[in-house]
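Q: Residues per chain are reported as follows:
2 protein chains.
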Amino acid sequence: MTDQSPDLDALRAAHPDHWRRAAAIRTLTLDAVAAANSGHSGMPMGMADVATVLWEKHLKFDASRPEWPDRDRFVLSAGHGSMLLYSLLYLTGYPKMTLDQIRDFRQLGGITAGHPEYRHAPGIEATTGPLGQGIAMSVGMAIAEEVQRARYGRKIVDHYTWVIAGDGCLMEGVSQEAIALAGKLELSKLIVMWDDNRITIDGKVELSDVTDQKQRFKASGWDVIEVDGHDPDAIDVALNQAKKGKKPTMIACRTHIALGSGAQDTAKGHGALTDPDLISATKRAYGWEEAPFDIPADLKSQWEAIGSRGAEARAEWETRLAEMGSGKRADFERALKGEAPRRLSATIKALKRQIAEGQPSVATRKSSEMVLEVVNPIMAETIGGSADLTGSNNTLTEGLGIFDADNRAGRYIHYGIREHGMAAALNGMALHGGVRPYGGTFFCFTDYARPAMRLSALMGVPVTYVMTHDSIGLGEDGPTHQPIEHLAMCRATPNTHVFRPCDTVETAEAWELALTSERTPSILTLTRQNVATLRKDYTSKNLVAQGAYVLADATAKRMVILMATGSEVEIAMAARDLLERDGIGTRVVSMPCWELFEEQDEKYRRKVLPAGPVRVAVEAATRFGWDRWLYGERGRRDKGAFVGMHGFGASAPAEDLYKHFGITADAVAQAARDML
Amino acid sequence: MTDQSPDLDALRAAHPDHWRRAAAIRTLTLDAVAAANSGHSGMPMGMADVATVLWEKHLKFDASRPEWPDRDRFVLSAGHGSMLLYSLLYLTGYPKMTLDQIRDFRQLGGITAGHPEYRHAPGIEATTGPLGQGIAMSVGMAIAEEVQRARYGRKIVDHYTWVIAGDGCLMEGVSQEAIALAGKLELSKLIVMWDDNRITIDGKVELSDVTDQKQRFKASGWDVIEVDGHDPDAIDVALNQAKKGKKPTMIACRTHIALGSGAQDTAKGHGALTDPDLISATKRAYGWEEAPFDIPADLKSQWEAIGSRGAEARAEWETRLAEMGSGKRADFERALKGEAPRRLSATIKALKRQIAEGQPSVATRKSSEMVLEVVNPIMAETIGGSADLTGSNNTLTEGLGIFDADNRAGRYIHYGIREHGMAAALNGMALHGGVRPYGGTFFCFTDYARPAMRLSALMGVPVTYVMTHDSIGLGEDGPTHQPIEHLAMCRATPNTHVFRPCDTVETAEAWELALTSERTPSILTLTRQNVATLRKDYTSKNLVAQGAYVLADATAKRMVILMATGSEVEIAMAARDLLERDGIGTRVVSMPCWELFEEQDEKYRRKVLPAGPVRVAVEAATRFGWDRWLYGERGRRDKGAFVGMHGFGASAPAEDLYKHFGITADAVAQAARDML
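First to last, the protein sequences are chains A and B.
Residue 1 is where the first sequence starts when you use the UniProt record's numbering, and the numbers rise one by one after that.
Residue 1 is where the second sequence starts when you use the UniProt record's numbering, and the numbers rise one by one after that.
For reference, chain A alone in the conformation it holds in the complex (with noise of 0.2 Å):
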């Protein structure tokens, strides 16, 4: 472990054929990043020894299975150097990750994007790029490992997350959160490799940061290991010790980044290494005398001997799940699919109907409490949590046990004050497959779990988000928890289901969608006061599912349509008795999930939202967003209001500020009137 410039002839000489396993990892990466004329050469150059040391001899999985339930996951949070993880897909044999991909590094239409995208290819476990999110995420992966195991047994589960971290993963503030949560969840399968190259953009590392990294992890609860990241010895060593931790483990690997170039140890070599007598000088340097993307097929047979070396294992593996009984197999089998039980469908349907009939005055973060406590008992593999809100979020149900180091059967999660590590371990887990997690704060909090969030979106994955406290409505805590644009920043995400349920049946259906979702995130925004049970018919349809409904029609000549979510619902109602009462023919239409509404064809839009009789909006939050329902959907040009906010919220009582910002029955009745 040094800072001087290694020797490379001296590594080369001492391991031999180790040295051109990880030369051709450095060697692709250098022809891939030249071909794009853009990419990140020096991070697979320096990491090189220490990732072909893992999958060599540590890395349990399959190259030709490479969804095997039981294999490790290795996530590369430092995901621009995205080439170390392409080549070594191409090299062990993976599907799909052939040599023309290589070469089509960050094409349209290839796989081998910038930064690893989750479904491109076999074996990107996560998309990674955004700095800490994958490290984040592998605390989930670990969390789910352990619960499985808890459930399945240890022939069935068993398996390590291994993650590749750079200094940018850990100056993100996330890291911090996901290194606390599994340094308290004690999470032992966990073992992150610190890629310590003392290298970032701007120059060296310690123009921005003196911390002690190894310090800071002993600090959270983990094992700290040093070593050489160029030796392949150490490196085999220190793997070994970190798997027996009972702690999670951080290797911090002291390498060298651009290894051998003349941009090595240089904020040049982070980048895109392209210049030709650079790359054929670090060539030589090797000791590579081949032509660019050209590995030779000697060295193609030991890489891809390793890429079968667990075949075997995963032979005795699927023996042992054959061996398991049929229900728990099935079970074990569906969970990991991501479908629902079957009788989830009729136990959200007999809380409809209980609801319709009960018509109870609650607050929907309580109807989503009284969701969950019907869902959790008959789907097992839920995982639920909250970042230190339980008793708000209404996240916690009877039965669920706390998921901690003494009780890994446990499926509820104190995620603590960290609502962006949170959002992350949720992707982490469903990533992993076999549970399907949610996790609450307040709406306004969203802001901090963004970067997650958006993550959810991009990558696909089902996660539910219990964002309660969804407006103004939370009252007196005041603007700063208050969400005002929130409902906008979530519908403008691609690939993302905002919910926003008006009472415990809408509530009960959206969950119903959210649990049932395959690629989808969904966001439940819920509030904190009470409002009235709206949906008193029962309805076996599920007509959240339609993203906009007829809640009430004009029972006179329709003239106005009152258009709203959540809360304001009642009060659209409210204010459609107002203009009934004048003879002024009103519908209301319920809207909880925009999405899902676009979604609809023209046809079913239309006959909800009629050209014709003048609209108003109602919601408290920002009008951003609103006028594609105003005008945009055959509205009447300039017959269209809004009633909501215009501005940040204050602290109050909630009544008090839905009085003070206008948004009451009368201001809703009024500004129909004022359009006819």
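Since the hints were derived computationally from the structure, they do not count as laboratory data.
Be careful, since some hints might not be right.
Because identical chains share one entry, a pair is satisfied inside a single copy or across any pair of copies.
Computed cross-link-like contacts, BS3-like style, restricted to lysine-lysine with a CA-CA straight-line distance of at most 25 Å [stated by the list, open to error]:
#, residue 1, residue 2
1, K247, K337
2, K218, K247
3, K268, K366
4, K204, K246
5, K57, K243
6, K214, K328
7, K639, K603
8, K639, K607
9, K96, K536
10, K639, K268
11, K247, K214
12, K204, K247
13, K218, K204
14, K214, K246
15, K247, K639
16, K155, K328
17, K659, K337
18, K243, K536
19, K155, K244
20, K300, K57
21, K541, K96
Fit chain B to the supplied structure of chain A, relying on the hints for placement.
A: Then chain B, alone, in the frame of chain A:
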């Protein structure tokens, strides 16, 4: 320092005067929370001793002159404990903070919001409540102090920044970014008092954390002191020691939440204690016999004496300021007021003239650098920086110098990979005053900085975010790095100016508006890729100030209006050429700032966007929000089209992506033709 329950009688006997002063805070808190029937009692009750010693013996302030520039800053990062701050402001005699305001805690129209709101009352140095923000902003305050001290000398600038932070603040990831940054920068005048009460909302801290916070701070270069948070002598010693340190100091104050109440040391004690029996029992335990909200006159006098103990120092400071050279003093006072120098306008105009002549084809991130190159030399108060993307954000200009422990005169900060910590630091600098901060990252990583960026808007501080790589135009880095929903997210946020300039001239105008903004943060979204100069004719008028304007009008009969921003204005101009060539009169409206356009009168808006022509909006981002301009502003029903993104981006060269996603002049022209 003990985990056992303190003996209140013994504490009181040992320091009777101190005890009474602290009890005033505790009982005001109990009374205000009970009156509001909401709030957080436990933290002020736990930290009253620490706060009393700090304000009585250390904090440099003069309650009658809250705006004294050289006052110490006091930041209540654990903002839910707002009654601690309000009590201190009332007791020491700050303006506006009357007993009636305390009685009106958390009520409509009051200044005593649930969480402290900047601008509500003098003495509230920052809006806090979203956890971790206070400690992260305090880093910016301490930076500003160092910068100002280097500039104006110790006689004029020499004060501390004191922070009370709770477990929630320290669990939030942003705290790690803040701690690491402060440690690296050796901000020795930053002192954080950690309320080590071992309780969060869900229960004991150990439910979700095992972190050794002291070790964690030390790992990032802080001095750490431990103290019994109920022993005034020990607190005094600790605060003295902290002031002498050469590093930032964290004081772990072992306290008991909701001290002396039946809810002491419990999660219940964190929230609102409203039970009358509990309150009276607690007051009895304090030896407090007054009526609710009643502070005996002699005790109020003691506190008011504390409030005025800095008057002499303040007067002496004013003398020293008066003795400073008049030019330097005028400069100091101008910067404090946040006024730009008079030369700014002429400087921007000269640049605009030069650009109109040279008509360079450059990326707008480069345009931004060109602006900074002429602005930074004439505005000594600018403090630049980047979250480790200096070369990409083009934020560093010649001669700024790097701000560091060895160079407090440096005006550029290497924030590291810490977008969130950077944004919070920008807020803190702006709150401190005397500096005008800007900071850069990729626009997509707005996600990471969101909580702090929202606070910029809510507090109304004129910081500038330099957000480059603002669309799929960044190319190969792929969808993780390509903003789609981010323009909508920022535009939906109240009190935020989102600028997306189309060329260097617009960039210069946007910068001028950002640098002269008084109460609104600015987000400059800038391209990675080159764009042509479109404003070819020099105008002295700042056209961006109108938000949108006619860049090129129809020559034939006006049948089409193309609306675009940023890099897509060039595409709209090319589409206009195609349409005009076919005799279809086409106007191009550049819309660099929607918010400013909304602020124009209806007459101007209609002039720019007259009813009649069909409209096409072009933006390489989500459509979300565009319907406002397509239809809402007297657009033609069902005669509006959007050319932009309909999902996430992809990894490929920028040109390929524009073609792939159909954001081309041909597509825009065709969309218009389809409607004619």
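Q: Could you run down the list of hints and mark each one as holding or not?
A: Here's how the hints hold up against the structure:
no.	hint	verdict
1	K247 x K337	neither (30 Å within a copy, 53 Å between copies)
2	K218 x K247	both (10 Å within a copy, 22 Å between copies)
3	K268 x K366	between (54 Å within a copy, 20 Å between copies)
4	K204 x K246	between (34 Å within a copy, 24 Å between copies)
5	K57 x K243	within (12 Å within a copy, 53 Å between copies)
6	K214 x K328	neither (42 Å within a copy, 47 Å between copies)
7	K639 x K603	both (22 Å within a copy, 18 Å between copies)
8	K639 x K607	both (19 Å within a copy, 20 Å between copies)
9	K96 x K536	neither (53 Å within a copy, 50 Å between copies)
10	K639 x K268	neither (58 Å within a copy, 51 Å between copies)
11	K247 x K214	both (14 Å within a copy, 20 Å between copies)
12	K204 x K247	between (31 Å within a copy, 21 Å between copies)
13	K218 x K204	both (24 Å within a copy, 21 Å between copies)
14	K214 x K246	both (17 Å within a copy, 23 Å between copies)
15	K247 x K639	neither (63 Å within a copy, 62 Å between copies)
16	K155 x K328	within (13 Å within a copy, 76 Å between copies)
17	K659 x K337	neither (48 Å within a copy, 36 Å between copies)
18	K243 x K536	neither (57 Å within a copy, 65 Å between copies)
19	K155 x K244	within (18 Å within a copy, 59 Å between copies)
20	K300 x K57	within (17 Å within a copy, 73 Å between copies)
21	K541 x K96	neither (41 Å within a copy, 57 Å between copies)
This entry does not satisfy hints 1, 6, 9, 10, 15, 17, 18, 21, going by the numbered hints stated previously.
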